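Engineer: Per the numbering used here, the very first residue in the sequence shown carries number 2; after that it's consecutive.
Since the hints were made in silico from the structure, they are not lab data.
There may be inaccurate statements among the hints.
Keeping only pairs whose Cα atoms sit at most 20 Å apart, straight-line, the calculated SDA-like set for lysine to any residue is [stated by the list, open to error]: (1) K259 - S224; (2) K213 - D171; (3) K14 - H130.
Restraint-style ranges between C-beta atoms, simulated for each label pair [said to hold, decoys possible]: (4) L144 - T275: 26 to 36 Å; (5) D141 - D171: 37 to 47 Å; (6) Y15 - V195: 42 to 52 Å; (7) L142 - E69: 26 to 36 Å; (8) D187 - I242: 17 to 27 Å; (9) S218 - E254: 24 to 34 Å; (10) K213 - R17: 42 to 52 Å; (11) F119 - I242: 39 to 49 Å; (12) E204 - H265: 24 to 34 Å; (13) R173 - R241: 30 to 40 Å; (14) S116 - S38: 18 to 28 Å; (15) T275 - D67: 21 to 31 Å.
Since the structure is predicted, the reported quantities are computational estimates derived from the model, not experimental observations.
Even glycine gets a Cβ: it sits at the ideal position worked out from N, Cα and C.
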Amino acid sequence: MVRENIDRLVEVKYFRTEVCPVKDLQFSFFQMVYVISGSGFLNINNNKVDYRAGCLILLTPNDLHDFEILTTTEFLFIKFSERYIRDSNWKSINCIECLLYHSSHLSGCILNNQSDQFLVKSAVDSLLHVMNHNDAYNEDLTLHYVNALIVIAARNISKMRPAEATVNSDKRLLAIIDYIQANIYDPQKLKASVISAEFGLSETYLGSYFKKQCGESIQHFISNYRIRLIEHRLRFSDRRINEIVNEFGFADESHLNKFFKKRHNISLTEFRKTGAVCTI
Numbered sequence: 002m003v004r005e006n007i008d009r010l011v012e013v014k015y016f017r018t019e020v021c022p023v024k025d026l027q028f029s030f031f032q033m034v035y036v037i038s039g040s041g042f043l044n045i046n047n048n049k050v051d052y053r054a055g056c057l058i059l060l061t062p063n064d065l066h067d068f069e070i071l072t073t074t075e076f077l078f079i080k081f082s083e084r085y086i087r088d089s090n091w092k093s094i095n096c097i098e099c100l101l102y103h104s105s106h107l108s109g110c111i112l113n114n115q116s117d118q119f120l121v122k123s124a125v126d127s128l129l130h131v132m133n134h135n136d137a138y139n140e141d142l143t144l145h146y147v148n149a150l151i152v153i154a155a156r157n158i159s160k161m162r163p164a165e166a167t168v169n170s171d172k173r174l175l176a177i178i179d180y181i182q183a184n185i186y187d188p189q190k191l192k193a194s195v196i197s198a199e200f201g202l203s204e205t206y207l208g209s210y211f212k213k214q215c216g217e218s219i220q221h222f223i224s225n226y227r228i229r230l231i232e233h234r235l236r237f238s239d240r241r242i243n244e245i246v247n248e249f250g251f252a253d254e255s256h257l258n259k260f261f262k263k264r265h266n267i268s269l270t271e272f273r274k275t276g277a278v279c280t281i
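Make a model of the complete structure from these sequences and hints.
Structural biologist: Here it is in structure tokens:
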């Protein structure tokens, strides 16, 4: 395994190749990969997915990956650190939350609609133009286009649903999932009685309806979502345990530690020290 780091907060590179020069590569940063031309396969975290021209792929910290090149491929690599996302002044979207939460669930192209495919291609073409024409304010333009790509990626990722909640699912189910995600930091609003009242359902019907649609209980879905966010706070941020306690509405550190340890048999401190990866 080869681990790569970057010296700058953002780095953009064009690469044309017929073979993948490095196998089992792992990053300490985020990387978006846009496929300008060519085809092949991406091996990521023991999964294999195909790629083709127009694909936008997100690789997150600690993903183990490499490419199998079938036809000569042109890539645009956009590398950026977690600190860059965290410190940027995003107006209306929590990009770091969107990108981090799905870090262990993503594989393949993240673009879900045609209009965003057009926007991404336009931003990539603009980045290539800036890279090939030395002019004033090129660095500012580069950051502008990179930020646009991050927001588009976050927008598409934020719309991803559990595998069972397909595009054909009842709109009410998707609304319930949106409600849970929007209120994940407020335990009072995540009570079955509150959710059922919000959507005009009985608690009994809400439980059976959600499980039938998603294949898991609503309580399990909420717990998994909270656990995943807490894991990423521990792995990718410097927030203190008491700050995480307050953020997620736990009574105290002992309460949070008990909740976390019940699921993974490891304490918060041990998880942060070892950089463990928990599978739910």
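Engineer: Hints first: check each against the structure and report whether it holds.
Structural biologist: Hint by hint, here is what the structure shows:
1. Taking the CA atoms of K259 and S224, the gap is about 13 Å. The hint holds against a cut of 20 Å.
2. Note on K213 and D171: the hinted pairing holds, with a Cα-Cα distance of about 12 Å set against a maximum of 20 Å.
3. Under the criterion of a C-alpha separation no larger than 20 Å, the hint pairing K14 with H130 is consistent with the structure, at around 12 Å.
4. Under the hint 26 to 36 Å, the C-beta atoms of L144 and T275, about 35 Å apart, fit the expected range.
5. Between D141 and D171 the beta carbons are some 46 Å apart, a value that agrees with the proposed interval 37 to 47 Å.
6. At roughly 51 Å, the beta-carbon separation of Y15 and V195 lies within the given 42 to 52 Å, and the hint holds.
7. Hint check: L142 to E69, Cβ distance near 34 Å, so the stated range 26 to 36 Å holds.
8. Between D187 and I242 the beta carbons are some 20 Å apart, a value that agrees with the proposed interval 17 to 27 Å.
9. In this structure, S218 and E254 meet the distance hint of 24 to 34 Å, their C-beta atoms being roughly 27 Å apart.
10. The supplied range of 42 to 52 Å is met by K213 and R17, whose beta-carbon atoms lie about 49 Å from each other.
11. Between F119 and I242 the C-beta distance comes to about 44 Å, which sits within the given range of 39 to 49 Å.
12. The beta-carbon spacing between E204 and H265, approximately 28 Å, falls within the hinted interval of 24 to 34 Å.
13. In this structure the supplied range 30 to 40 Å holds for R173 paired with R241, their Cβ-Cβ distance being about 39 Å.
14. Distance hint check for S116 and S38: the Cβ-Cβ separation is about 22 Å, which falls inside the suggested range of 18 to 28 Å.
15. Checked against the given bound of 21 to 31 Å, the beta carbons of T275 and D67, roughly 25 Å apart, stay inside it.
When each numbered hint is compared with the structure, no violation occurs for any of them.
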